[in-house]
Amino acid sequence: MISTEQTITVTINGTTYEREVAARKLLIHFVRDDLDLTGSHIGCDTGNCGACSMLVDGTLVKSCMMLAVQADGATVETVEGLSDGDELNRLQASFREHHALQCGYCTPGMLMSATALLREKPSPSDDEIRKALQGNICRCTGYWNIFEAVKAAAQ
Amino acid sequence: MIVSGDRTFTASRGAVWGVLNDPAAMAKTMPGVQSFDVHDPTHWTANVKIPLGLGGLRMKVDMEKIEEREPDFAKLAIKGQGVGAMMRMETQFELSDAPDGGTAMHWTADVRIAGPVGSMGQRVLQPIVNQQVQQVLTALDREVKAASGRA
Amino acid sequence: MTSTTVAPEQVEVGKAWSGQSVPRKEDKRLVQGQGVFVDDIKRHGMGYLHFVRSPYAHAHITSIDVSKAEELPGVYGTLTGEEVAALTDPFFQISSAPGANVKDFSLAVGKVRFVGEAIVAVVAETRELARDASELVEIEYEPIDAVVDARRARDPGVPTIHEDAGGNLMWHGVYEWGDLDAAFAEADRVVKIDQLHFHRFNSTPLECDGALVEFNKGTGQWTIHTNNQFPGFAAIMMGPAMRTGLDRLRFVTQDIGGGFGNKITSHPQLVVCCLLARKLGRPIQWTEWRTDFHLSMSHGNERWFLDTEVAVKSDGTLLGFRTKALDDAGAWLRYEPLGGVIWAQVTPGMYKWRNIRVDFTQVATNKAPVSPNRGYSRMQHLWFTERVIDIVAHELDLDPVEVRKRNYIKVEDMPYETPNGCVYDSGDYAQMLDIGLELVDHANIDQRRADAQTRGKLLGVGIGSTLDSGTNNFGQSRMINPELQFSGNNEVATVKLDIFGEIVVTLGTTPQGQGHETTAAQVVADILKCSVDDVNVRAGHDSYWNSHAGFSGTYASQFAVTGLSAVKGATEMLAAEIKKLAGAVFGGVPEEALELADGTVRIKDNPEAALPFMACGAIINANNAGLPEDLGVTLNCRYVYRPPFQVPDVERKFGNLTLTYATQIHVAVIEIDPETGYYDIVDYAAVDDCGKRINPQIVEGQVMGATAQALGAAVHENFVYDEDGNLLTPNFYDYHVPHALDMPPLATGSLESPSPFTPLGTKGMGEGGGAGIHAVCAAVQDALRGHGDAIVWDSCNPYHRVWEMLNDPKGAGGTVSVTDG
Amino acid sequence: MLLREVGYARPSSLAEAIELLRADDGARALAGGQTLINVMKARAGSPDALIDLNGIDSLRGIDLAADGTLSIGAMTTYSEIVASAEARARPIIGEVCAQIADVQVRNRGTIGGNICTNDPTNHLPPLMAALGATMTIAGADGERTVTAGEFFLGVYLTAVAQGEVLTKVTVPAGRGDGFAAVTLGVDGTCIASAAASVNGSVTVALGCVDAVPVVVEPASASADDVRAAIEAAGIDPPSDVHASSAYRAHLSQVLAVRAVNQAQGAA
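Just so you know, the sequences run in chain order R, Z, C and P.
Taking the numbering used here, the leading residue of the first sequence gets 1, the next gets one more, and so forth.
Taking the numbering used here, the leading residue of the second sequence gets 1001, the next gets one more, and so forth.
Taking the numbering used here, the leading residue of the third sequence gets 2001, the next gets one more, and so forth.
Taking the numbering used here, the leading residue of the fourth sequence gets 3001, the next gets one more, and so forth.
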């Protein structure tokens, strides 16, 4: 019943993966190291930075505060699933137009948080936008352009 | 961080001193002791698992009695090494006759914690240390009563 | 590929690309999670490295036993300080004596000097196993008292951190220019400030350090995939220590998750990776986690300014100052003591002070080593000059705006030679201040102060005037150590026209978000008269491209000068070669009769006679029979830009230390809740002048980022140590960096004062000089006027410190006195 | 970042969970994991096994009884509470949950995890203490219900013993509630916090000043009485990098008065 290793099945961006995974492995390490989906990043070790944000069964989570085994049977969305082929979606294009990224390291998590917001609230208020981005740290932009990018994508 | 306090026992100074210097009795007062070895009268080692709600913190604790003036003063140097935490503590106690009978104990402990547990912040550690100290003192009370009962 | 389509509404096609906000080429991969950051790189059979770190700030290592760790299944091997000391030489020290005598190896040898110092490296099959094994390494310590207060570091009886240096003094030098005695004799008032403290923090790039290192046994060469932002520096540190030629060290970077100077000094960890790659015969993967980074990497220089005296006229005219600067270097001199001279680039700040004495001392402490951090060393000094201005205004009851305007270097004084021989190239500080004041509606500040009062709030307004000196003259290092043989600066670019007419650009730089691929393409497209979409700027840096020089890298606000000037030079060479080739192909048409247009070279008077770039590329690379023997065209041009510098006068500590001086003037308006000390920034303006802007949107982005980092440092970000040398803010849990809800409303303004000294009129920018820290300190000072009048003496002012200043103004730390001159 | 080896089980019933927790005294219940997994990353705590409660539906959900009593399943997330119409019967709960950390944490973190962790900086222990909430704990021998005073025993320590699980939090009817905090950044970690309830008598619970919430009952809602009650309690808050003991003690009074004022406004 209690085991230190498990076989899990996870569907990520439409592809289903079945893997043997240690119970102690964090979801972010499973996605980055085992599945080689390196778009989601790691910026801290205390659950503060949000660079590893993904949607698990439609809910925005920080994948460094969830075990991979907890995602067994789940449907996961990461930054790699946002664009249609090589075509940037509205939000991605807006980030580019508004210079909402510099080093681009926080960007995948930031995009997933904004995606979750716009799904729930297609036209959010300014405060709702800021609150939706609170869990994602960016050290380059000061957030002003990220806010503008999300606001523009919402309209 | 330095914690200190006073405690009065109904028992005689000799009885209290006896407990404080009896490794076996002391072992019973420490939180989560799993094993306890006496190397010589002044060197003891304990393996403890300090009960924290998030999973106990295992530590190997070496104690050395560095100063002693029977029957009223002793000073211990304690070094705890656990994964995730290093603890250094110097504690001393002074016994005297309580004004209205029994024995008064004044104790102080200078506790220093390093490692990841240290990085959890004193905000959390200070209350934890205070709490562990209270438990030790309560247990000490119990041991002293038991000892003076035997006596 | 990095090709990209430009958003039409943003860019006017046909107009020069430079000066327009062209959306970044980099972004297309980054918004799709297709960037390649160092931790994304994997190799077959690689081993994961985990460092065993010291829990003590200062201790002798009495024994190390790695046997249990090595016995753990899945462990590939370990490396100890003893092995390092046998296999390598100590890193070269920049300092003169006594710092020069420090023996710095890449793992602790015999002694640990700060909490988090790496002692043993363990390599295993998985990340988790490597950490498990590191817990099995048995190390015995004999703790020594820690030295945590730089002011006490040289007291009798204080333990010595580096026995080789014979004490805790690392470097000392006296800088004096002008005539101090005359200045103080002329002064109406002398303002004395007992101590000012610039706190310890850094920019905490969201990506920490890392590397994947491969060793090629056959060639003896290491390939170092890393996010180090100054490979040129890492190479000259690592080569001699590893007893190997620099060409054996191949540095490769692509996308870097922020650097801000903090990723310059990872050479010790890179050496450990190299040694293990060779020892274990497999690729070594090292990822630094956030807590490792906070404990051990690149803290910004913590600096004290003691016994400061300022000579001033009653009307606020500043005559001169003297101070004792005390720099806390931490445990190792990994880039230091360069901080001991870098500040001199901005000696008088933005003011006309002519008489200045700075007695500069750097000491070692049992804290993490310091190294460059955005605004490196100048920020500390500029904070000091701004604090002095506001304290003088406060004490003499003058208006800080007036005192600034009275003493600012004026536009008509430009170019202005400072007392120590630096030349401020251009700028109009007074006009920038006016723009900033208008952006925060300063005209009505008294009214707003009264309104705040009715709401029980204390309103304060503060100015931060600061310089972003860019493009170093490395000759300044000789003021630290006259034996050093560095001077000048350089950067490289190559531009080639390939067989199918593709324009390929390589840079020597290591961008971390500054958009080099885009701005370089703008410069190239303007010269070759083609679209930025036709220019492929290779992402990242690879020392095998030969497009690097000794000072290549991305640091010290210089790309817009060094990098882009190299790109301009190489592209102009290519343009000339294209014309030369076309002239020959057209049968001896002179170059002046030719022009470049729409991706072709054509005859001015007969535009139909046009040779597409594709044809040019094809002819030179694949169809060159019959071309004139002496044509001398390769269509593959390499240019090295070398700024016009002289070797400074080491005796007088005099000379031009940096080429350009971008300017930032910030104005902050805050409201303090006196009951709690909590304060909000209710208005904020950032005005920037960095000369000609190639891409205004990217420039503004740098201004915003520098502002956000400064505000974080001003209010929260602080590496605080307890008396035992434990770091109390070792990760983002207690080290609070601003998030989206913490940011104030921001208004930006700009001026363009082109630099007369650079090929494009540009100035390096991006560091920002910590203007936000200066402005917030000044705003707190202003809010406290008439409410205890405490002196803001520390650069970090969290709520509890503000509350203490309000409740115990005298006990809060700052002491100032004014005497008649 | 890298956890020690740990066992994992995801029971689908409460009985199973209790059985698994009883079987191994090194096993710990895993709720939202927004604290526990971080502590394990630092290897500052290392349970032998994690018993994941996320598979037990009976631990989720919010019930509003006719008399206004609110019962919240221990595994209900902050986000679910914020969004819940029933929870608005006692509005302060949703208001405070909306201030905890960030969206991602609120989507995973649970009311049960928050109070069982009882980190002194957590929002909900003082709030639940002020609201007079009771906690229902299930074990092998059935259920028991305890008051906040009985529930909070220390940092990371509560009345939930090995082999037991907190199943729900029950909050009596009322509206006159308040909460005030000084936090590390907007909506950040509490530096000091105070929760107040003025439904009938006045109750104030202080966070961040001791191992457990400190509850005081001022004679009236007047600022003077509130301050006097805190003086009388003789709190000795810890000092840390964000606040001295004296500053925390001062904030406790300021925040208590603000929380009480808010509570009166809401009453």
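No lab work stands behind these hints, which were simulated from the structure alone.
Computed from a predicted structure; not experimentally measured.
By construction, the Cβ of each residue, glycine as well, lies at the ideal position given by its N, Cα and C atoms.
Any given hint might turn out to be false.
[To be verified] Chain P is nowhere near these chain R residues, computed Cβ spacing over 10 Å in every case:
(1) THR4
(2) ASN13
(3) TYR17
(4) ARG24
(5) LYS25
(6) ASP45
(7) GLY47
(8) GLU80
(9) GLU87
(10) ALA152
(11) GLN155
[Claimed, not checked] Straight-line distance between alpha carbons at most 27 Å, and here's what the computed DSSO-like set of lysine-lysine pairs gives:
(12) LYS131(R) to LYS2111(C)
(13) LYS1049(Z) to LYS2405(C)
(14) LYS1079(Z) to LYS2529(C)
(15) LYS2068(C) to LYS1060(Z)
(16) LYS2405(C) to LYS1060(Z)
(17) LYS2457(C) to LYS2529(C)
(18) LYS2352(C) to LYS2279(C)
(19) LYS2352(C) to LYS1079(Z)
[What the hints assert, rightly or not] To give a feel for the contact side, a few chain P residues facing chain Z, derived at Cβ under 8 Å:
(20) ASP3063
(21) LEU3064
(22) ALA3065
(23) PRO3120
(24) ALA3159
(25) GLY3163
(26) ALA3211
Agreement of hint ALA3065(P) with chain Z interface, Cβ distance less than 8 Å: At about 30 Å, which exceeds the 8 Å cut-off, the nearest Cβ of chain Z leaves the hint on ALA3065(P) violated.
Since GLU80(R) was said not to touch the interface, does its Cβ keep a gap of more than 10 Å from each Cβ of chain P? holds, 19 Å
With 10 Å as the threshold, tell me whether ASP45(R) passes as away from chain P on beta-carbon distances. violated, 5 Å
ASN13(R) clear of chain P by more than 10 Å, beta carbon to beta carbon? holds, 19 Å
Compare the distance between the alpha carbons of LYS2352(C) and LYS1079(Z) with 27 Å, and conclude whether the hinted pair is satisfied. violated, 59 Å
Run the C-beta distances from LYS25(R) to all of chain P and say if the shortest one exceeds 10 Å. violated, 8 Å
THR4(R): least C-beta distance to chain P exceeds 10 Å? violated, 5 Å
Would the hint linking LYS2068(C) and LYS1060(Z) be met if the CA-CA limit is 27 Å? Holds, at roughly 17 Å.
Hint check: LYS2352(C) vs LYS2279(C), CA-CA at most 27 Å. Holds or violated? Not OK: LYS2352(C) and LYS2279(C) at ~58 Å, beyond 27 Å, violated.
Quick check for students: does the CB of ALA152(R) sit more than 10 Å from each CB in chain P? Fine: 21 Å to the nearest Cβ keeps ALA152(R) off the interface.
If I take the minimum Cβ distance from ARG24(R) to any residue of chain P, is it greater than 10 Å? violated, 4 Å
Per-residue hint verdict: ASP3063(P), partner chain Z, C-beta under 8 Å: violated, 27 Å
Comparing the model with each numbered hint stated earlier shows that hints 1, 4, 5, 6, 7, 12, 13, 14, 16, 17, 18, 19, 20, 21, 22, 24 and 25 do not hold.
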